[in-house]
Amino acid sequence: MPRLSVILPALNAEDTVARAVSSTLRALPADAELVVLDDGSTDDTANRAVEGGSTKGVVDKRLRVESEDTPGGIATALNWLLEHTDSAIVARMDADDVSLPTRFRAELRALDSGDDYVFPQVINVAGRKLSPAAPVPIPPAAFPLHLLLTNPVSHPAMVAQRHALEAVGGYREVPAEDYDLWMRAALGGASLRRIATWGLLYSQHPGQITASESWRNSSWRDPSQAEIFSQLSQKITGVALQRIVAIALAPPDERARLLAEFERAITPVIARVPVPHRQFLQRKLRGRLRWAREFHNGGFTH
Numbered sequence: 001m002p003r004l005s006v007i008l009p010a011l012n013a014e015d016t017v018a019r020a021v022s023s024t025l026r027a028l029p030a031d032a033e034l035v036v037l038d039d040g041s042t043d044d045t046a047n048r049a050v051e052g053g054s055t056k057g058v059v060d061k062r063l064r065v066e067s068e069d070t071p072g073g074i075a076t077a078l079n080w081l082l083e084h085t086d087s088a089i090v091a092r093m094d095a096d097d098v099s100l101p102t103r104f105r106a107e108l109r110a111l112d113s114g115d116d117y118v119f120p121q122v123i124n125v126a127g128r129k130l131s132p133a134a135p136v137p138i139p140p141a142a143f144p145l146h147l148l149l150t151n152p153v154s155h156p157a158m159v160a161q162r163h164a165l166e167a168v169g170g171y172r173e174v175p176a177e178d179y180d181l182w183m184r185a186a187l188g189g190a191s192l193r194r195i196a197t198w199g200l201l202y203s204q205h206p207g208q209i210t211a212s213e214s215w216r217n218s219s220w221r222d223p224s225q226a227e228i229f230s231q232l233s234q235k236i237t238g239v240a241l242q243r244i245v246a247i248a249l250a251p252p253d254e255r256a257r258l259l260a261e262f263e264r265a266i267t268p269v270i271a272r273v274p275v276p277h278r279q280f281l282q283r284k285l286r287g288r289l290r291w292a293r294e295f296h297n298g299g300f301t302h
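Going by the UniProt record's numbering, 139 is the number at position 139 of the sequence shown; the sequence numbering is gapless.
Quick caveat, the hints were computed from the structure, so don't treat them as lab data. Be a bit skeptical, because a hint or two may be false.
Unchecked claim - Have a look at the derived ranges for each label pair, beta carbon to beta carbon:
# : residue 1 : residue 2 : range
1 : ASN151    : VAL59     : 31 to 41 Å
2 : LEU249    : THR42     : 30 to 40 Å
3 : ARG283    : PRO251    : 19 to 29 Å
4 : ASN12     : ASN124    : 17 to 27 Å
5 : SER218    : ALA256    : 22 to 32 Å
6 : ARG128    : THR102    : 16 to 26 Å
7 : ALA256    : ASN12     : 40 to 50 Å
8 : ASN47     : ASN217    : 28 to 38 Å
9 : LEU249    : GLY114    : 35 to 45 Å
Values in this document were obtained by computation on a predicted structure and should not be read as measured data. From the three backbone atoms N, C-alpha and C, an ideal C-beta is built for every residue, glycine too.
Start from the sequences and build out the full structure, keeping to the hints where you can.
Right, here's the structure in full:
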């Protein structure tokens, strides 16, 4: 049994999956595996995944490629991958991203310190433009507060203890399955940490589902995620709050009232966070409140 399983769902990703596979295998330790699920692709995704894991016709023994006949969706694919692996540690990868060489070394070191979920920062890639995200760490004590403001990490960069994933029942069929998972984990008392290293080249392109207005509206209004957010905010601040993105969709008068309530509830909790993480949260809060006040239904990420 490998210690680490990297799970990679892929759908019609023949142009990018080979690079995702080869970069991940280069970064993997010896006692690990990469499991790719071709989730009903109509192109050559599965064969390209095998090619990405092959050298002179020999397939890396750490690579396993599985296929489904029809697409089941991202949450279903991820839960299938969890059920068909048995390692103590699980990592995520996407078919259009690139793992950096030191990714798993840094993540596993942090995970071994006792955390349940660990995320490196990412370098955003849009065409030929590289935009490194600021390498600012988020300790477990501050992570739940960040979740009340926005999603501070990238899903394909995750490494987690399997028992922590199983404790919350894996992934749910909701629009933002990653953010939903982090909130449920934090609500259950899991330790989540972002480390101050870059671990991934994260691809950004117009074809991503999270770039669409329909996904945004679905995610921001999703009742299941709203309920988990409300429970998490109640636990952290003592007040059941709405997400800032949901408040931004409200009429101006109601929006102003709800934003004021949000600020009153979260500000004293942030004030108890040690320096320098307190200043980081305070800046993030000011920026999110400003965005929500100025928002008009024309587009922004969650």
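Results for each hint:
1. Between ASN151 and VAL59 the CB atoms are about 35 Å apart, so this pair conforms to the stated range of 31 to 41 Å.
2. Separated by about 35 Å at the C-beta atoms, LEU249 and THR42 satisfy the suggested range of 30 to 40 Å.
3. For ARG283 paired with PRO251, a C-beta distance near 28 Å keeps the hint of 19 to 29 Å intact.
4. Checking the proposed 17 to 27 Å range against ASN12 and ASN124 shows it holds: the Cβ atoms sit about 22 Å from each other.
5. Range check, SER218 to ALA256: Cβ separation about 25 Å, and the 22 to 32 Å hint holds.
6. Our hint of 16 to 26 Å for ARG128 and THR102 holds, since their Cβ atoms are close to 23 Å apart.
7. Between ALA256 and ASN12 the beta carbons are some 44 Å apart, a value that agrees with the proposed interval 40 to 50 Å.
8. In this structure the hint that ASN47 and ASN217 lie 28 to 38 Å apart at CB holds, the actual value being about 36 Å.
9. Taken as a hint, the range 35 to 45 Å holds for the pair LEU249 and GLY114, whose Cβ atoms sit roughly 39 Å apart.
The structure fails none of the hints (numbered hints given earlier).
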